[in-house]
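Keeping the supplied structure of chain A fixed, place chain B upon it in accordance with the hints.
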Amino acid sequence: MEENKSYREKIAGAFHGMGNNVKDKFKEFNSLSRDDKRKKIVDTLLNNAMFIMIILAVIVIAIMKPRFLSTASVINIISLTAARLPIALGIAGAIVLTGTDISAGRAVGLTACITAAFLQSAGYSSKIFPGLDPLPIPVVILAVVLVGAAIGFVNGFFVAKFKLHPFIVTLSTQLIIYGLILLFLQIGSNGGQTLSGLDGKYLDFIAGPLFKVGGIAIPKYVLYSVILTAVMWVIWNKTTFGKNMFAVGSNEEAANVSGVNVFLTVIGVFVLAGIMYAITGFIEGARIGSAASYTGLNYESDAIAACVIGGVSFVGGTGKIGGIVIGVLLLQIIFVGLNFLSVDQNLLYIIKGLIILLACAIDMRKYLARK
Amino acid sequence: MKNDVLLRMENISKSFPGVRALNNVSFELKGGTTHALMGENGAGKSTLMKCLFGVYEKDSGEIYLDGEAVEFKNSKDALNHGVAMVHQELNQALKLTVAENMWLGRFPRYVESLPFLNTREMIRKTKEVLLSLGIDTDPEMKMERMSVSERQMIEIAKAVSYNAKVIVFDEPTSSLNGEEAEKLFAIIEKLKTDGCGIIYISHKMEEILRISDEVTVMRDGVHIATRDAKSITTDEIIRLMVGRELTERYPERKRNIGKPLLEARGISAEYSHLSDVSFTLHRGEILGISGLDGAGRTELLENIFGTATRKSGELFLDGKKIRNDNPRESIKNGFAFVTEERRSAGIFGILGIRENTVISSLSSFLRGPLLSKRLMNEKTKEYIKRLNIKTPSEETKIRSLSGGNQQKVIFARWLLTEPTVLLLDEPTRGIDVGAKYEIYQLIGELAERGCGVILVSSEMPELLGLCDRIMVMSGGRLAGTVEPSASQEEIMSLAAKYV
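First to last, the sequence lines map onto chains A and B. So for the first sequence, numbering that gives the first Met the number 0 puts the first residue at 0; every next one is plus one. So for the second sequence, numbering that gives the first Met the number 0 puts the first residue at 0; every next one is plus one.
Quick caveat, the hints were computed from the structure, so don't treat them as lab data. Because the structure is a prediction, the values reported are computed rather than measured. Glycine is no exception: its CB is placed at the ideal position from the N, C-alpha and C atoms. The reader is advised that the hints may include incorrect statements.
Keeping only pairs whose Cα atoms sit at most 20 Å apart, straight-line, the calculated SDA-like set for lysine to any residue is [claimed, not checked]:
| no. | chain 1 | residue 1 | chain 2 | residue 2 |
| --- | --- | --- | --- | --- |
| 1 | A | Lys237 | B | Arg366 |
| 2 | A | Lys319 | B | Lys396 |
| 3 | A | Lys319 | B | Thr395 |
| 4 | A | Lys237 | B | Glu377 |
| 5 | A | Lys160 | B | Asp324 |
| 6 | A | Lys365 | B | Gly348 |
| 7 | A | Lys365 | B | Phe15 |
| 8 | A | Lys237 | B | Pro368 |
| 9 | B | Lys372 | A | Ile234 |
| 10 | B | Lys372 | A | Thr238 |
| 11 | B | Lys94 | B | Thr118 |
| 12 | A | Lys365 | B | Tyr55 |
Chain A residues, not near chain B, derived (Cβ > 10 Å throughout) [what the hints assert, rightly or not]:
| no. | residue |
| --- | --- |
| 13 | Asp35 |
| 14 | Val59 |
| 15 | Leu131 |
| 16 | Phe339 |
Only chain A is shown next, with the shape it has when bound in the complex (with noise of 0.2 Å):
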């Protein structure tokens, strides 16, 4: 009863504040000068112009193509968001820290591979290890978070030893890890064939319906990601180890000082990372149902571009999960957009391109000096 009303009073409590932002806010507002007024509205424009722009797309398309809102469509996107989701959220760490990873995607095809090859069904003719049953699910995704959680440990541990620029350091790992790909699809007498002929539990396990909306299922790797980003939350925002990342990524000299162990901190952040990385590439596998040397080649830049549309800056110390959450959402809506609007594969590079570059300009815009 006692707790009831606490967290009656605390509801209570923040539409109160709520309001009163709001009140405020507007109060502010009209005691502008009418020059400042209009500032303040391009500001705000600008501000959330990716927003603008992604909800007029999504009006666009809609009134084009309808059947971009059906229940089918809506539901691929929200998969595609559950899929990128994982790895957006590792490299946000890195982001926060005023770092990248663009090992993110190599490190999704390594795991990817890893769990094909373990995974691949008892009856298939052409498996990599012939005599090998497929492992429990349990052991191989222990095994992947392992593999992952170690790429993200050579990576922190040279950006944080050798204060490396993280870009230089996953510019490397990237390359050692793609040649371990290659190296492993040899392995036998696979000669650097795609893994397929996955084993049936697995891509239940993964892609087999949680639920079905209007006949068309839900794959269950859409929870897997939702707990994920639950997870992630929790340690961003709860744990002391989430506080001390945005301190070191907002002033690093003043996190020493201020008794934050950085090393530790930094090597944190990216084996986060590499969990994450690993866990991507186990969903992969079975999303796709197959797995080769390409598996995850350019995730890092859509997950990077999602952090950036997202408002995870890389001035450092700023992002927040739900901004990740809507950052991914929006790339897909744009990019299952595009597709319904039959626009030509090779001119969708281009429109990604310039989506990151408008995101992050807009994003620098909030921290230059101005006087």
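The following block gives chain B in isolation, referenced to the frame of chain A:
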């Protein structure tokens, strides 16, 4: 030319969020004279100069150069109009040569429209300028091989090469020794006879009275007085600067010095000139450290706190040997360190006040494995109230607060760790008078409660007014320890001991 008004700043005002930095300040500089601009830190001297050079956009007021209204867009623009500044911290391309630094951005070319440099002409012109000022330096020498004083001379020469009529000196002697300062004064004298107007910003009374013709005093962003330097005394300047008698500036406290708390034996640094410093800090004691810039004061604190690498030496806390190899260990041992560089090593600008406050004591907010936001909010609010931090809420980004309030947040951060030894490096630098007094009170309270405080400050009155003892450092070594009854001259001569 002489005594004509060269530069006139009229009714300059400038506000920052929450602070009126300049309030209708007027200032006049006559040709062929030196005009000293004085005031405590935060009085508005540098804001006024930043408005002159277009670093800040003034809210209102006019600036006239040679009777013509001007508004410089940036310091380069000012320089092109013959208004130059020699900064406290020199901003030079150290990898380049003297000549290249002097002509940066306007290298002499064979043909104006083609990008081919006439190096010989550049060196000839550099020599000419240096010679006119009596500076004996090779134009082809790399800047990084020169001392600070030499580099400052080059900066002055650069101003002259732009035919500067107005030259602003911002604390030019802060890192110079006596001989180097004399050289600087000779050059200033020469510039004056050539008809230049000099604005001279410094805290050093003796040199102000010696080289200036007029003195303007500012306080809290307001012009207080302009006087003839020949007829004004040091005491009068101080009175104008402070606005009340010196004795009122420091809170009363019960002095209750107890047992030895921290003993340092032979502290030497691995990567700086700090060598063989030993001292004892007692419970309830405020131990001041005085010295010139570069005397090793900051380095000493960094070595005690473990942010710099110690080469040798031992630390004892309450008689027990401690290591303090890194900040985490030091904090566990009850140390707190308020750094000199608030922006680069103190605040997390983009984060809120709450995050800035709790960062050093996060584990005390854990409920189980998770942090309690409610507890963090409560503590932060408590300290906002207790330290009188002026902020709309505990979630406000710290960078939007004034310097004094930012510093109070940093104090709150350290108070939460319940320290016994406080290392304070210039804790009141760039802070307005009111906040200063509050910080003094806080320091006094902590000492009364039995903490030991080490206070590094460049403001002599602050040290004399607050401390129980003052150690004077010079050239990385301990030059001597004096009582707070010592005279400024006594301290200055110790500070110059190993320079």
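Each hint, compared with the structure:
no.: 1; hint: A:Lys237 to B:Arg366; verdict: 10 Å, holds
no.: 2; hint: A:Lys319 to B:Lys396; verdict: 16 Å, holds
no.: 3; hint: A:Lys319 to B:Thr395; verdict: 17 Å, holds
no.: 4; hint: A:Lys237 to B:Glu377; verdict: 16 Å, holds
no.: 5; hint: A:Lys160 to B:Asp324; verdict: 17 Å, holds
no.: 6; hint: A:Lys365 to B:Gly348; verdict: 14 Å, holds
no.: 7; hint: A:Lys365 to B:Phe15; verdict: 18 Å, holds
no.: 8; hint: A:Lys237 to B:Pro368; verdict: 8 Å, holds
no.: 9; hint: B:Lys372 to A:Ile234; verdict: 13 Å, holds
no.: 10; hint: B:Lys372 to A:Thr238; verdict: 10 Å, holds
no.: 11; hint: B:Lys94 to B:Thr118; verdict: 17 Å, holds
no.: 12; hint: A:Lys365 to B:Tyr55; verdict: 19 Å, holds
no.: 13; hint: Asp35; verdict: 14 Å, holds
no.: 14; hint: Val59; verdict: 35 Å, holds
no.: 15; hint: Leu131; verdict: 39 Å, holds
no.: 16; hint: Phe339; verdict: 39 Å, holds
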